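Chemist: Spelled out from the first residue to the last, the chains are:
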Amino acid sequence: MPGVTPDPQSARLEDPAAETVAPGRGAQLLREITTGNAMISVLAVVAALFLGAVLIGAADPKVQNAATYLFARPGDFGSALWGAVSNAYSALFQGAVYDFDAQTFARAIRPLTETMTMSVPLIFAGLGLAIGFRAGLFNIGAQGQIILGAIFGGYIGFAWHLPIGLHLLLALIGAMLGGAIWASIAGVLKARTGAHEVIVTIMLNNIALYLVAYLLSLKAFQRPGSVNPISPFIDKNAELPLLLGSGFRLHAGFLLALVAAVGVWWLMSRSTLGFTFRAVGANPHAARTAGMSVERTYIWVMGIAGALAGLGGAAQVLGTERVLTGGVAASFGFDAITVALLGRSKPLGTVLAGLLFGALRAGGFAMQARTGTPIDVVLVVQSLIVLLIAAPPLVRSIFRLPDPARAALTGARA
Amino acid sequence: MTAGKVSYRAPIAYAAIGLLSLIGFGLIPPSGRHTTFAISTPKDLFTIEPFTVPSKSTAIVFSLVALALAALAFWAARKRIRLGVWLPSVFGLCVLLAFLTWSAADKANSMPVTGLLQGSLFLAVPLVFGSLAGVLCEHSGIIDIAIEGQLLAGAFLAAVVATMSHNPYAGLIAAPIAGALVGLLLVLFAVKYRVDQIIVGVVLNVLVVGVTSYLFSTVLTAHRETWNTPPKLPVLEIPFLSRIPVLGPVLFRQTIIVYLMFAVVIVLQVMLFRSRWGLRMRAVGEHPKAADTVGIKVNRTRLRNTVLGGAIAGLGGAFFTVAAGLAFGKEMTGGKGFIALAAMILGRWSPKGALLAALLFGFADNLQVVLGIIGTPVPSQLMLMTPYLATIFAVAGLVGRNRPPASEGIPYVK
Chain A
1 MPGVTPDPQS ARLEDPAAET VAPGRGAQLL REITTGNAMI SVLAVVAALF
51 LGAVLIGAAD PKVQNAATYL FARPGDFGSA LWGAVSNAYS ALFQGAVYDF
101 DAQTFARAIR PLTETMTMSV PLIFAGLGLA IGFRAGLFNI GAQGQIILGA
151 IFGGYIGFAW HLPIGLHLLL ALIGAMLGGA IWASIAGVLK ARTGAHEVIV
201 TIMLNNIALY LVAYLLSLKA FQRPGSVNPI SPFIDKNAEL PLLLGSGFRL
251 HAGFLLALVA AVGVWWLMSR STLGFTFRAV GANPHAARTA GMSVERTYIW
301 VMGIAGALAG LGGAAQVLGT ERVLTGGVAA SFGFDAITVA LLGRSKPLGT
351 VLAGLLFGAL RAGGFAMQAR TGTPIDVVLV VQSLIVLLIA APPLVRSIFR
401 LPDPARAALT GARA
Chain B
1 MTAGKVSYRA PIAYAAIGLL SLIGFGLIPP SGRHTTFAIS TPKDLFTIEP
51 FTVPSKSTAI VFSLVALALA ALAFWAARKR IRLGVWLPSV FGLCVLLAFL
101 TWSAADKANS MPVTGLLQGS LFLAVPLVFG SLAGVLCEHS GIIDIAIEGQ
151 LLAGAFLAAV VATMSHNPYA GLIAAPIAGA LVGLLLVLFA VKYRVDQIIV
201 GVVLNVLVVG VTSYLFSTVL TAHRETWNTP PKLPVLEIPF LSRIPVLGPV
251 LFRQTIIVYL MFAVVIVLQV MLFRSRWGLR MRAVGEHPKA ADTVGIKVNR
301 TRLRNTVLGG AIAGLGGAFF TVAAGLAFGK EMTGGKGFIA LAAMILGRWS
351 PKGALLAALL FGFADNLQVV LGIIGTPVPS QLMLMTPYLA TIFAVAGLVG
401 RNRPPASEGI PYVK
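If you read the sequences in order, they're chains A and B. Per this note's numbering, the very first residue in the first sequence carries number 1; after that it's consecutive. Per this note's numbering, the very first residue in the second sequence carries number 1; after that it's consecutive.
Since the hints were made in silico from the structure, they are not lab data. Hints are supplied without guarantee of correctness; some may be wrong.
[Claimed, not checked] Between beta-carbon pairs, the in silico distance windows are:
#	chain 1	residue 1	chain 2	residue 2	range
1	B	413	A	218	48 to 56 Å
2	A	218	B	54	41 to 49 Å
3	B	7	A	271	48 to 56 Å
4	A	38	B	92	28 to 36 Å
5	A	226	B	7	44 to 52 Å
6	B	16	A	263	51 to 59 Å
7	B	68	A	223	43 to 51 Å
8	A	263	B	80	50 to 58 Å
9	B	68	A	218	31 to 39 Å
10	B	78	A	225	27 to 35 Å
11	A	61	B	287	52 to 60 Å
It should be emphasised that the depicted structure is a prediction, and the values quoted were computed from it without experimental measurement. For each residue, glycine too, the CB sits at the ideal point set by N, CA and C.
Let's have the full structure, built from the sequences with the hints guiding it.
Modeler: See the structure below:
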């Protein structure tokens, strides 16, 4: 099993050698800011946005045109480039946070609520994956777990007819079960036979995709009188209530995601089970020697991760979409991997990263509609962010920042 | 398996599958139905007339042969005799023939045997190249999740270069360069920055999807004629050999990429296990410290082999555009890179095994297409699931023991 160490950085910062000397509070604070995780994350985002800007510029016809006489009039090239990039990024911002051109305040903040809506499945699935990463399990299967959650939650939502309250509760529990069962397959196989969870979860993703397509071809799942692969609408009693009225899509799933984040925080840093998870992730051999069952831990971790991802699927089907389709999971499960990595597998970080990626997604659609810049550029920016964050030395060399290890050494000498 | 407990796992699996085949394809379906198999193609030396068999009895006969083989496997396991690969192969063939006889019973169209095989080989091409890339990378200790990205990058560059030069062979030369670049990024982050290789692979896939989709939506779509109308590779018929019935059309009436594929498989199979280069590579993947001690440059070996692997996967990517005669499309590799990864595991990290596993997956893929045309009693989604299910069974050790190179995924630090 490859050791998954999403943050080698924090380990280095906690290194006692780095804290032996305190050369004045201000200097130390400055050093922590310039070399710390948060700084690396911010700079990675900046660098990724810059590279995205290069791509936006390269594909812009005006910029291409100006590039043909670059040396005759470099100013033209510069202004064309600036125009293309600033248009695209301001559309991205207006589509994700606040729309300055809107007539009313409600319309102006609508993008922000869209960002929050988009972030719900990302946060749920990201939290699940984060637990896995902390326990040393590389679970790529959030996509399949979201789909199974959506299938279970959706089916209970449209096929059963129960009183208000109970119906939603059962649909949510069903979704958790669906995701948990799907993820547990990988957990059990890992524990029993040593099958690598990366391969098994990738395969389970594809199987889930065909499974939902198959189910939607059955009478039991199709809308009455239709042969399209789309389910009936979710029962009113099973819907996640809207938070801001019918003008907005934001639903109670967002609050649930925040509650889940607090729950994961409690689980991982305050409970015995979470301690076991972390111990197994840090060193499975040591954990086994200490009397913990590594195998059982793998099954638990995958089960909880799947339940969280399943809730992400429930949020989609019971909240945002209100109907089950083959594309219910979009690419949330894959984006959640990058969300968990960006959030460094911590609950708060995952929530923030989920909001950022939700913003990029919501803003990406707006950007595509307004300036014609394809949303695919968002994928480039997202992947670059994660690549850069995973390689702090690269970010430091791009921005000429001091290495924390070396900075501590020079500090000691001074 | 010469000592220790006798394992009846495989014989039990054979018996169960054989029984299912006997009951499902032989006993339950109604009698009096007939199945027609077509063998010949128009250009053959001599024609074999399509022949018709009674469906029920044929399926029963094949299932009984399969059950006899299962009994043989029980006997061999008891006597601790190791039987070769022929047993699972013949067993699989019998069950398959029973299935084909059942599924094409009483259909207007006959079962095109030659066409089925020809198409299978064709669809297996990207899987073979992709899994060979995986074999090369993993034997040198780098996990290559980025096969999907390498295929996609190869497909993209092949389409663009072939269109620009109006020559499909130029595209075939360009494709490996794109794949090698992705491989280079992978090994750079894995070796230099010691980022977890699975993370890099996953993220690189997203990055390649983002970049190619972005360029597709902007440049390639705006000027389709100049960028994205790749000419198709011509079919090279090998004189005389191509006119042998069945074998001719399948093996000798293909494009150059298929012949190249066989060449690469043979060369790699020999080089990997019979040459100094291969021995060194495997040493680096199994025990880098030992390799380093005897003077093998571990990281340089990893760098070269990952780049070479990327190039091979890139060549496989050319299949999607210049060999299939299609323009480049967004995410057109559609998860084939992950199936290639599965083929590599099912083929137990050997080029020969990867070829066979890829052919199996190609067959499953094509079978679903062919059955779709002649009308099948099995839902296509369930057919499409089979390669993924087979992989899960394989990694769970139900098909045989799997052992990846010992040091894959672990960065080497002197």
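Chemist: Take the hints in turn and mark each one as holding or not.
Modeler: So, going through the hints one by one against the coordinates:
no.	hint	result
1	B:413 with A:218: 48 to 56 Å	holds, 54 Å
2	A:218 with B:54: 41 to 49 Å	violated, 32 Å
3	B:7 with A:271: 48 to 56 Å	violated, 40 Å
4	A:38 with B:92: 28 to 36 Å	violated, 56 Å
5	A:226 with B:7: 44 to 52 Å	holds, 50 Å
6	B:16 with A:263: 51 to 59 Å	violated, 42 Å
7	B:68 with A:223: 43 to 51 Å	holds, 49 Å
8	A:263 with B:80: 50 to 58 Å	holds, 53 Å
9	B:68 with A:218: 31 to 39 Å	holds, 37 Å
10	B:78 with A:225: 27 to 35 Å	violated, 59 Å
11	A:61 with B:287: 52 to 60 Å	holds, 55 Å
Checked against the numbered hints given earlier, the structure breaks hints 2, 3, 4, 6, 10 and satisfies all the rest.
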